[in-house]
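Residue strings, one per chain:
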Amino acid sequence: MTQSVVVQVGQCGNQIGCCFWDLALREHAAVNQKGIYDEAISSFFRNVDTRVVGDGGSISKGKICSLKARAVLIDMEEGVVNEILQGPLRDVFDMNQLITDISGSGNNWAVGHKVFGSLYQDQLLEKLRKSAEHCDCLQCFFIIHSMGGGTGSGLGTFLLKMLEDEFPEVYRFVTSIYPSCEDDVITSPYNSILAMKELNEHADCVLPIDNQSLFDIISKIDLMVNSGKLGTTVKPKSLVTSSSGALKKCHKKPFDAMNNIVANLLLNLTSSARFEGSLNMDLNEISMNLVPFPQLHYLVSSLTPLYTLADVNIPPRRLDQMFSDAFSKDHQLLQADPKHSLYLACALMVRGNVQISDLRRNIERLKPSLQFVSWNQEGWKTSLCSIPPVGHSHSLLALANNTCVKPTFMELKERFMRLYKKKAHLHHYLQVEGMEESCFTEAVSSLSALIQEYNQLDATKNVPVQDLPRLSIAV
Amino acid sequence: MSIVTVQLGQCGNQIGFEVFDALLRDSHSFQGLCSKRENEAYQTSCKERFFSEEESGVPIARAVLVDMEPKVINQTLSKAAQSGRWKYGQHACFCQKQGSGNNWAYGYSVHGPRHEESIMNLIQKEVEKCDSFSGFFIIMSMAGGTGSGLGAFVTQNLQDQYPNSLKMNQIIWPYGTGEVIVQNYNSVLTLSHLYRSSDALLVHENDAVHKICAKLMNIKQISFSDINQVLAHQLGSVFQPTYSAESSFHYRRNPLGDLMEHLVPHPEFKMLSVRNIPHMSEDSLAYSTFTWAGLLKHLRQMLISNAKMEEGIDWQVRPPLSGLPPLGKMSLSKDLHFNTSIANLVILRGKDVQSADVEGFKDPALYTSWLEPVHAFNVWKTQRAFSKYEKSAVLVSNSQFLVKPLDMIVKKAWNMFASKKECGPRKNELRALVWARLKC
Chain B
1 MTQSVVVQVG
11 QCGNQIGCCF
21 WDLALREHAA
31 VNQKGIYDEA
41 ISSFFRNVDT
51 RVVGDGGSIS
61 KGKICSLKAR
71 AVLIDMEEGV
81 VNEILQGPLR
91 DVFDMNQLIT
101 DISGSGNNWA
111 VGHKVFGSLY
121 QDQLLEKLRK
131 SAEHCDCLQC
141 FFIIHSMGGG
151 TGSGLGTFLL
161 KMLEDEFPEV
171 YRFVTSIYPS
181 CEDDVITSPY
191 NSILAMKELN
201 EHADCVLPID
211 NQSLFDIISK
221 IDLMVNSGKL
231 GTTVKPKSLV
241 TSSSGALKKC
251 HKKPFDAMNN
261 IVANLLLNLT
271 SSARFEGSLN
281 MDLNEISMNL
291 VPFPQLHYLV
301 SSLTPLYTLA
311 DVNIPPRRLD
321 QMFSDAFSKD
331 HQLLQADPKH
341 SLYLACALMV
351 RGNVQISDLR
361 RNIERLKPSL
371 QFVSWNQEGW
381 KTSLCSIPPV
391 GHSHSLLALA
401 NNTCVKPTFM
411 ELKERFMRLY
421 KKKAHLHHYL
431 QVEGMEESCF
441 TEAVSSLSAL
451 IQEYNQLDAT
461 KNVPVQDLPR
471 LSIAV
Chain G
1 MSIVTVQLGQ
11 CGNQIGFEVF
21 DALLRDSHSF
31 QGLCSKRENE
41 AYQTSCKERF
51 FSEEESGVPI
61 ARAVLVDMEP
71 KVINQTLSKA
81 AQSGRWKYGQ
91 HACFCQKQGS
101 GNNWAYGYSV
111 HGPRHEESIM
121 NLIQKEVEKC
131 DSFSGFFIIM
141 SMAGGTGSGL
151 GAFVTQNLQD
161 QYPNSLKMNQ
171 IIWPYGTGEV
181 IVQNYNSVLT
191 LSHLYRSSDA
201 LLVHENDAVH
211 KICAKLMNIK
221 QISFSDINQV
231 LAHQLGSVFQ
241 PTYSAESSFH
251 YRRNPLGDLM
261 EHLVPHPEFK
271 MLSVRNIPHM
281 SEDSLAYSTF
291 TWAGLLKHLR
301 QMLISNAKME
311 EGIDWQVRPP
321 LSGLPPLGKM
331 SLSKDLHFNT
341 SIANLVILRG
351 KDVQSADVEG
361 FKDPALYTSW
371 LEPVHAFNVW
381 KTQRAFSKYE
391 KSAVLVSNSQ
401 FLVKPLDMIV
411 KKAWNMFASK
421 KECGPRKNEL
431 RALVWARLKC
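For the record, the sequence lines run as chains B and G. To convert, note that position 248 of the first sequence is 248 in UniProt numbering; the numbers rise steadily by one, no gaps. To convert, note that position 313 of the second sequence is 313 in UniProt numbering; the numbers rise steadily by one, no gaps.
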């Protein structure tokens, strides 16, 4: 069994990370009734005997003593991390896993990347190496951050390059929160584009998510819960946004519900690697199957169902509805419409009481309405995990490598150009040492090249598939 | 003589478990259609082939379990132990932590050489336990990374280390509409390697077995367990002991050797398929009776029309009347309705088996021109019934059944490759070896 380390950077990253650890504990508590430290838990947690001072306390088998998360928490201002350390999750984190500063990055990518990057380089390296050493077999780094701010976007992407140099064999999965149109940070286009260049070059796989989509999903759930339609009651524990049963009792913070969705995404992504099933899918298979070009590694994700109705029986129609929903644009975690764009590859990760025949039936049913690229007409990767998420009897995570990410990037570029043409707010960046105008132009051209790649693929969309002439064999 | 099974990857291990379970369950289910003495000889022969005896009396499967990640092996070992009737050897498994990531090259070039010694040592220990050794039965899938890549590597190694032993590979042909995106690459690479190092390839297609579950067994929600059980049933009916000659009461001693002698007359044609009849759910079985004539007629038509099960057979297909076009000149563009065979083996088990008439299979029109039916066709009859079926027939054939699916996989792999996408390692391997070996 392999282990993964979660690196949460910046306010957004840490808040999502906090929800993630909460839900992970809840999930493992539901599955692991006996309290034995098994391989599934070891993928995200260490078992430590806290009575032992220093490093020697790790226990690899037997009863759970005290669980410590395999995480590194980074923020350039103390507020968020301090709150975590005073909250109910304080025992899950070790003081050695944190890096904080006081003043913050001021929503400035250059400060996050260049200033704090060089300042904390050694410390970062040391903490990352430490967490890697605690792992028997480290497979993957999960980086959680936002693109629009300063720390998450600047320092987060600085980290990426460091991880690539230091641990070239370990996968880097990045969960990036992209700024929505009505983002409150004015310089978010600058920060995002500068960060995108790094993501293009150093990440193995990126899961772009934006706040607007998360918000829409929340509204949909609220509508369902409060509509009080006759005969339907939603099981409260089953909401993809819920954290009931988790340690944090108060659910009042505004972004909590949205963060829980992202936390669920990460849990479902790793479920087949942690738990048993009839068709397992490990994390290295995600990259292998879904990334045809090293550059095109942006995966649009969707989670269904959002809630479970309290009916006990799940008729197959409802199961089929789950699959249909996964492809509708209302369920995507990014403002995107994959159904009307070109698929390069698609992965369906199913959890719970679903069998291969259900999967096949739905693939056959949905395939005619989806457009796949010519050289991958049946490009499906499927996995079946037997353990469902908490509160559900089954769930589906769909990951699509689809040209529908293009509009998001194009919009981002447009907003960038509007600011850049006027050189607005540019001086804040340029006064940072090591930062020049060429950084901006390079970043934009990197993004333009990416958009161009997607354009080329889109151009092949409705062209009839032609079989290329095969090599002839000398008989 | 004993067979050592090597189970590779998730698929191989899941199927391997079902196979051993089916073999032992059949061995213990006595229908009373033959004498008690015969039944005991059957049980002894089955045990000797696939299990070794332990002091506690619980049979241990002659198997080596290999996987690059631990979850499946752990599950398989515990399922076997839970059954109480048999189990796997304590030290018979080898696993790593990271998996192969559906990457053939990882299985073949990285995991293979790295763990060569450990795996071959495990296999050697298992072989040494056998009093007389018949050969290897290797179970693997083609779509994944471990089964396909490591399987190809291990088979090659077995050929080097045990040049006088036979190897039969049980390979699983993936679903047409995809379980893994790079399955076509993995399949093509595996087949090209196996064709050189294996002695026979027994192929099961997931699509076909899925249909059997849906149509014949009437299972509503088909799981991989159901599919594997159907597969295990088919393999069991091939590998369980059979009489060595018409009226002798001794069971055949060399199962793999006999199979290959009859079915692989030419080293270039190694692909074997299995069809069995009848196959149905237990509830339906209670209401059905069979005659040998009916069963064999259906089986023959299944062969000719390339049907995989007894429902939906195309009865319009007939063998050609006047002579047969030479095999080499047949082009793919011509619709291959009629399935020509190189060799066929029919194994009959059950009541009144001696009265079964297999003349229909001796028709020269079924076979290629360069083998007489007397050499191409064989039948093994055994009185002892198999599993719950009073009469059962299984046909192992070396025929054209796989040409279309193979063409499809090669076409898809080529399309993906020629567009220069999803290209990873082993590009040269793909070019040089595959196209030279696979004569489509």
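Hints are supplied without guarantee of correctness; some may be wrong.
Derived DMTMM-like pairs: lysine to aspartate or glutamate, alpha-carbon spacing no greater than 25 Å straight-line [as the list claims (entries may be wrong)]:
no.	chain 1	residue 1	chain 2	residue 2
1	G	K411	B	D458
2	G	K215	B	E364
3	G	K79	B	E39
4	G	K97	B	D165
5	G	K97	B	E164
6	G	K211	B	D136
7	G	K308	B	E378
8	G	K404	B	E378
9	G	K220	B	E276
10	G	K97	B	E133
11	B	K367	G	E53
12	B	K34	G	E205
13	G	K211	B	D320
14	G	K211	B	E364
15	B	K197	B	D216
16	G	K411	B	D165
17	G	K97	B	E276
18	G	K97	B	D38
19	G	K97	B	E364
20	G	K79	B	E276
21	G	K411	B	E364
22	G	K220	B	D325
23	G	K129	G	D207
24	G	K308	B	E276
25	G	K215	B	D320
26	G	K97	B	E39
27	G	K404	B	E364
28	G	K220	B	D320
29	B	K367	G	D207
30	G	K79	B	D320
31	G	K97	B	E166
These are calculated hints, taken from the structure and not from any lab test. Every value quoted in this text rests on a predicted model; they were computed, and no experiment measured them.
Hints versus structure:
no., hint, result
1, G:K411 with B:D458, "23 Å, holds"
2, G:K215 with B:E364, "17 Å, holds"
3, G:K79 with B:E39, "18 Å, holds"
4, G:K97 with B:D165, "23 Å, holds"
5, G:K97 with B:E164, "22 Å, holds"
6, G:K211 with B:D136, "43 Å, violated"
7, G:K308 with B:E378, "23 Å, holds"
8, G:K404 with B:E378, "17 Å, holds"
9, G:K220 with B:E276, "23 Å, holds"
10, G:K97 with B:E133, "16 Å, holds"
11, B:K367 with G:E53, "51 Å, violated"
12, B:K34 with G:E205, "41 Å, violated"
13, G:K211 with B:D320, "20 Å, holds"
14, G:K211 with B:E364, "14 Å, holds"
15, B:K197 with B:D216, "28 Å, violated"
16, G:K411 with B:D165, "39 Å, violated"
17, G:K97 with B:E276, "14 Å, holds"
18, G:K97 with B:D38, "14 Å, holds"
19, G:K97 with B:E364, "34 Å, violated"
20, G:K79 with B:E276, "13 Å, holds"
21, G:K411 with B:E364, "21 Å, holds"
22, G:K220 with B:D325, "23 Å, holds"
23, G:K129 with G:D207, "37 Å, violated"
24, G:K308 with B:E276, "31 Å, violated"
25, G:K215 with B:D320, "21 Å, holds"
26, G:K97 with B:E39, "11 Å, holds"
27, G:K404 with B:E364, "21 Å, holds"
28, G:K220 with B:D320, "15 Å, holds"
29, B:K367 with G:D207, "17 Å, holds"
30, G:K79 with B:D320, "31 Å, violated"
31, G:K97 with B:E166, "21 Å, holds"
Consistency note: the structure conflicts with the earlier hints numbered 6, 11, 12, 15, 16, 19, 23, 24, 30.
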